[in-house]
Every structure is written in structure tokens, then in C-alpha cells.
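Engineer: Using the sequences provided together with the hints, build the complete structure.
Now for the letters of each chain:
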Amino acid sequence: GAVVSQHPSWVICKSGTSVKIECRSLDFQATTMFWYRQFPKQSLMLMATSNEGSKATYEQGVEKDKFLINHASLTLSTLTVTSAHPEDSSFYICSASLLGEQFFGPGTRLTVL
Amino acid sequence: EDQVTQSPEALRLQEGESSSLNCSYTVSGLRGLFWYRQDPGKGPEFLFTLYSAGEEKEKERLKATLTKKESFLHITAPKPEDSATYLCARRGGSQGNLIFGKGTKLSVKP
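Going line by line, the protein sequences match chains A and B. Sequential numbering from 1 applies to the first sequence in my numbering. Sequential numbering from 114 applies to the second sequence in my numbering.
Incorrect hints may appear among the rest.
List of simulated lysine to aspartate or glutamate pairs, EDC-like, C-alpha gap at most 16 angstroms [said to hold, decoys possible]:
#1 A:K20 / A:E101
#2 B:K172 / B:E158
#3 A:K14 / A:E87
#4 A:K41 / B:E122
#5 B:K192 / B:E122
#6 B:K170 / A:E87
#7 A:K41 / B:D152
#8 A:K64 / A:D88
#9 A:K14 / A:E101
Hint data in this document are derived by calculation from the structure and do not stem from the laboratory. It should be emphasised that the depicted structure is a prediction, and the values quoted were computed from it without experimental measurement.
Structural biologist: In C-alpha cells, the structure reads:
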């Protein structure tokens, strides 16, 4: 149990385009999901907290208009990187909470050319 | 600023050579100390959660312990398949996000 999936696992896009990443809790419902970003040889840094049915809460320094988060159901949260630039290239990982534990998806590698 | 500090940054062991990884934290009122394993290009895999000083948890060759200021991840007789980056984290904001250390990259040579 407690499986979290992400789609796609990797994506390459041109600068200026938008990319949507999906995060799903497969066998449980998650009212709260988290989006993290990990640059090479760095640890995970929280970008935003996604709550089902309400607006996401963004960490300081994360542009909410650039990283759009939608948590439309108890099993799905999406992160859309709008007008992506090369500096947005990173490993994006979501997580979902279940009974106090936090389970992570496999990550999405975004490369912006 | 509350910190989670892991040491060493990297650790190379021979197969069967036991050792420990350290995670220290500087927050009062700890609401959970988490250990994860992360393989290259993958998301973190949950290992343990510890809540109170003196608590210990074990899983195969791994044992996690917690004191009031730090946590240790003990690896007994490691195998090459234990090679990974081990991440330590504490619960952060009001909604339970995690604050991670930078990790310890463990390499176990046969």
C-alpha cells in the first residue's frame, strides 16, 4: 500500500512552453500533497503544499504564477510549470501523507532546452 | 533557522563493514524524525519514523535510533545493494511538510 505515482517520469521541452506533471495516490486518499524540487547533488526543497479543494500554499521564493498547482481530487494533484526556462530544469517530486507518514512519488525529470 | 545536518556527506564501506550515519537537528518539539533511502533518479523510499528519544526501529540490516539532539542510522554488515543516498528529515510546517538534510551517499564495495 501507500503508492504514489507521477507522470511523466521525464519530459524535455522547449523554453517558453508549459509542462504539466501529475501526482496520484494510487491506493489511498490524500487531502494534502507536497511538491518538492531537487537540483543535482542537492537535497529536496519544498516548493508548495497542495490541499484538496483549496489554493496551494507556496514557499518563499517560489512563484505561484509560474508553478500552478491544482488538487482537484483526493488522489490527484498537478503541477504546471508555465513558460518554462532552462533554469527550471530539475527533478520534481511529489509526496502524499498517510497516517502521519509521507510517501514519495518516483519523480519527474524536467529538462528545458 | 532550524537545521537538519547529516554527516558524513559520503561514506565508502567494504561489504560487511558496519558503520553509522548521523543526523542532527536543532528544533525543539520534534514532531517526527524521518529516514529515507534515495537511489539515483528515483524518489525517496520511506524507511523509518522516530518520534521520541530512546526510540529504535529496525529493518533488515538497518537500525535507526533517536536522542534529543540527533539520530543515527546504523548499517550492520552492509551489502552492495545498500548503496544509495540516505536522507534524514524532520517534520516542518503546520501541514506536515518535511525539511531534509543534504543526505549521506553510501557506497558499499564487494
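Engineer: If a hint holds in the structure, say so; if it does not, say that too.
Structural biologist: Comparing the hints with the structure gives:
no. : hint            : in the structure
1   : A:K20 / A:E101  : violated (26 angstroms)
2   : B:K172 / B:E158 : holds (13 angstroms)
3   : A:K14 / A:E87   : holds (12 angstroms)
4   : A:K41 / B:E122  : holds (11 angstroms)
5   : B:K192 / B:E122 : violated (19 angstroms)
6   : B:K170 / A:E87  : violated (40 angstroms)
7   : A:K41 / B:D152  : holds (12 angstroms)
8   : A:K64 / A:D88   : holds (14 angstroms)
9   : A:K14 / A:E101  : violated (37 angstroms)
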